[in-house]
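*Asks:* Each chain is listed here by its residues.
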Amino acid sequence: RSGEMAKLTQLIDNEVFRAYATYAAIVLLKMMLMSLITAYFRVTRKAFANPEDTASFGKGESAKKYLRTDTDVERVRRGHLNDLENIVPFFGIGLLYALSGPGLSMALLHFRIFAGARILHTFAYLIPLPQPSRGLSWVIGYVVTISMAYQVLKTALYL
Amino acid sequence: RSGEMAKLTQLIDNEVFRAYATYAAIVLLKMMLMSLITAYFRVTRKAFANPEDTASFGKGESAKKYLRTDTDVERVRRGHLNDLENIVPFFGIGLLYALSGPGLSMALLHFRIFAGARILHTFAYLIPLPQPSRGLSWVIGYVVTISMAYQVLKTALYL
Amino acid sequence: RSGEMAKLTQLIDNEVFRAYATYAAIVLLKMMLMSLITAYFRVTRKAFANPEDTASFGKGESAKKYLRTDTDVERVRRGHLNDLENIVPFFGIGLLYALSGPGLSMALLHFRIFAGARILHTFAYLIPLPQPSRGLSWVIGYVVTISMAYQVLKTALYL
Numbered sequence: 005r006s007g008e009m010a011k012l013t014q015l016i017d018n019e020v021f022r023a024y025a026t027y028a029a030i031v032l033l034k035m036m037l038m039s040l041i042t043a044y045f046r047v048t049r050k051a052f053a054n055p056e057d058t059a060s061f062g063k064g065e066s067a068k069k070y071l072r073t074d075t076d077v078e079r080v081r082r083g084h085l086n087d088l089e090n091i092v093p094f095f096g097i098g099l100l101y102a103l104s105g106p107g108l109s110m111a112l113l114h115f116r117i118f119a120g121a122r123i124l125h126t127f128a129y130l131i132p133l134p135q136p137s138r139g140l141s142w143v144i145g146y147v148v149t150i151s152m153a154y155q156v157l158k159t160a161l162y163l
Numbered sequence: 005r006s007g008e009m010a011k012l013t014q015l016i017d018n019e020v021f022r023a024y025a026t027y028a029a030i031v032l033l034k035m036m037l038m039s040l041i042t043a044y045f046r047v048t049r050k051a052f053a054n055p056e057d058t059a060s061f062g063k064g065e066s067a068k069k070y071l072r073t074d075t076d077v078e079r080v081r082r083g084h085l086n087d088l089e090n091i092v093p094f095f096g097i098g099l100l101y102a103l104s105g106p107g108l109s110m111a112l113l114h115f116r117i118f119a120g121a122r123i124l125h126t127f128a129y130l131i132p133l134p135q136p137s138r139g140l141s142w143v144i145g146y147v148v149t150i151s152m153a154y155q156v157l158k159t160a161l162y163l
Numbered sequence: 005r006s007g008e009m010a011k012l013t014q015l016i017d018n019e020v021f022r023a024y025a026t027y028a029a030i031v032l033l034k035m036m037l038m039s040l041i042t043a044y045f046r047v048t049r050k051a052f053a054n055p056e057d058t059a060s061f062g063k064g065e066s067a068k069k070y071l072r073t074d075t076d077v078e079r080v081r082r083g084h085l086n087d088l089e090n091i092v093p094f095f096g097i098g099l100l101y102a103l104s105g106p107g108l109s110m111a112l113l114h115f116r117i118f119a120g121a122r123i124l125h126t127f128a129y130l131i132p133l134p135q136p137s138r139g140l141s142w143v144i145g146y147v148v149t150i151s152m153a154y155q156v157l158k159t160a161l162y163l
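Protein chains in written order, with the working numbering: chain C, 5 to 163; chain V, 5 to 163; chain W, 5 to 163.
Only chain C is shown next, with the shape it has when bound in the complex (with noise of 0.2 Å):
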């Protein structure tokens, strides 16, 4: 019945769930790989943050000039706070969707929509390519978020 929580009892065995916790760990591994690329840069680019990071580089002055910052790097960490910023309220936002009886095509929908919009927006980030291509895949995980949210909050408002 449209306008009620789905019971838990049928829930694992809910395609909704199922898709969510599929697209959830999606972009979770998407996010956690930007540590990887992060890493990669710092290595290949002699950028570190931490004195004992570059001790392998021999020691005092010598070792000190790694101590930097690279714009490579500092943009890849750009791109990974933005995905803390905006997967974790989907991450939040979607378990409450899920878990609030949406119809399949409409939670696969938005599931897919995001996904695809934060992939694209990390590949417009590293790139990078011109704007408007980063802007319009935030706003459009952003958007999708919000839409959930208000799903969420129409079906299981109690203040």
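Rather than coming from a laboratory, the hints here were simulated on the basis of the structure. Any given hint could be a false lead.
For chains that are exact copies, the list does not tell them apart, and a pair is met inside one copy or across any two.
Lysine-lysine pairs mimicking DSBU-like chemistry, simulated, CA-CA at most 35 Å apart [said to hold, decoys possible]: (1) 69 <-> 50; (2) 63 <-> 158; (3) 68 <-> 158; (4) 34 <-> 158.
Mind docking chains V and W on chain C? Use the hints.
*Replies:* Same frame as chain C, but now just chains V and W:
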């Protein structure tokens, strides 16, 4: 029965879980609002982090001067990061707490105080209000989350 | 039955879910502790980010000198951000994993190793210990989370 977790079959029609869904959505939306405020200040203060974002202001040196930090932009960004550091634990611990079978009035007390404190925190950060406004609102949200974590560990502890 | 998700009716009395709740609460509390350590270093090092935070040290130029970065404060902040980047995926993927019906001993193995690795990571970052202490503890937590994500996708995949 106190000390036991509620059966999940009763959960989704459960007023505690609906209250959790409501307040979790509210504070996640509030956190997302910080992105819009950051964008607003970046555009009005003309202070950007990426060269591709300044391309519409012209080429070369004329655009480069907009690649800079701005005190208002940085203030909003600190507020946003503080939200991540505090609203994420609330979301996670609050979910486990809502599943641990608390009384409705006690749960509502936790959720309402947390949401109120974080909204106050944002105003205190952005206006800014003199200290200890921001500090106190941060502490209140922190203590509420610790109180829920204590309840979760008391109910569910399995090491 | 392996390959099927556990029925949620059995969930909350389920030892896997109680174990998840316990370790998730522990690592989220550990992450929250970073805020207190940051505050401790800001106060003892007199290094603040906001003018309103230095008002108690006097007015004008005498207070302005405390608006600065400090290497100890920045180190704790990097550790805190690293927690967000790693504990948030653990919380999300771990929740889906706990709902995907893993065996208790395998689930406990994942949760215990992750929690131990992240606590070690914090000590390695803050003391600091020589590398590869911090790097290894980071990798271990990362691999545990990937392993849980693999299990989630194998069980729930619905694209």
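*Asks:* For each hint, tell me whether it holds in the structure or not.
*Replies:* Okay, the hints, checked on the actual structure:
no., hint, result
1, 69 <-> 50, "both (9 Å within a copy, 27 Å between copies)"
2, 63 <-> 158, "neither (61 Å within a copy, 47 Å between copies)"
3, 68 <-> 158, "neither (56 Å within a copy, 46 Å between copies)"
4, 34 <-> 158, "both (30 Å within a copy, 17 Å between copies)"
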